[in-house]
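A.B. asks: Sequence:
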Amino acid sequence: MLDRILKRSARDGSGDPAHGARHDRVGRHAGLSHIADAIRDDIAFARVDFTAATVPGQPAVHDPIRDAPPGITYLVETPHDAGVVITIDDVPRDWGWVSEDGIETVSPALRALADELADIMDGYNRGDADVGHRFFGSVRVNGETLVWGSPGS
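Residues in the sequence shown are numbered consecutively from 1, following my numbering.
A portion of the hints provided could be inaccurate.
As the list claims (entries may be wrong) - If you anchor each label on the Cβ, the simulated ranges turn out as follows:
#1 Thr145 with Gln58: 34 to 40 Å
#2 Trp148 with Trp95: 19 to 25 Å
#3 Gln58 with His80: 22 to 28 Å
#4 Gln58 with Asn142: 32 to 38 Å
These are computed hints drawn from the structure, not numbers from a lab.
Even for Gly, the Cβ is constructed at its ideal location relative to N, Cα and C.
Required output: the full structure, derived from the provided sequences and hints.
C.D. replies: Given below as structure tokens:
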């Protein structure tokens with residue numbers, strides 16, 4: 001969680017704009033399989049609840065990964081040389097989708113979860129106008145891509 005906070009701070013002008021917050025953790029020449037392993041570890045760690053019970057009158061800490069239903073599973077794959085795909089599976093229908101006027105759309109909670117996963121993935125990426133992206137990533141659920149391309153750009 002601290003890495004995500006630091007990454008958001010880096011967007012405000014401090015830090016290296018061409019590299020994600022976790023880029024150095026896996027090494028400059030790490031293969032995508034090693035990056036996928038690191039993303040899996042980060043997701044598993046984010047699911048652990050370290051917070052104490054919220055006392056009335058104090059704000060609760062919200063984390064889309066930790067607060068997602070416990071039955072949700074995540075699959076991190078590298079289907080080709082320049083891509084990382086995170087697939088969200090076993091999403092409860094009543095949590096992941098909302099129906100408005102008979103049209104079913106992704107819920108705000110599922111959208112926040114996909115964005116948080118994309119932030120983790122982007123932490124291992126690099127790239128800006130001067131440096132090519134290390135990989136392109138996507139976050140998918142039920143065959144639908146919620147985040148695509150180079151996360152964070």
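A.B. asks: Tell me, in ascending order, the numbers of any earlier hints that this structure violates.
C.D. replies: When the structure is compared with the hints, only number 3 turns out to be violated.
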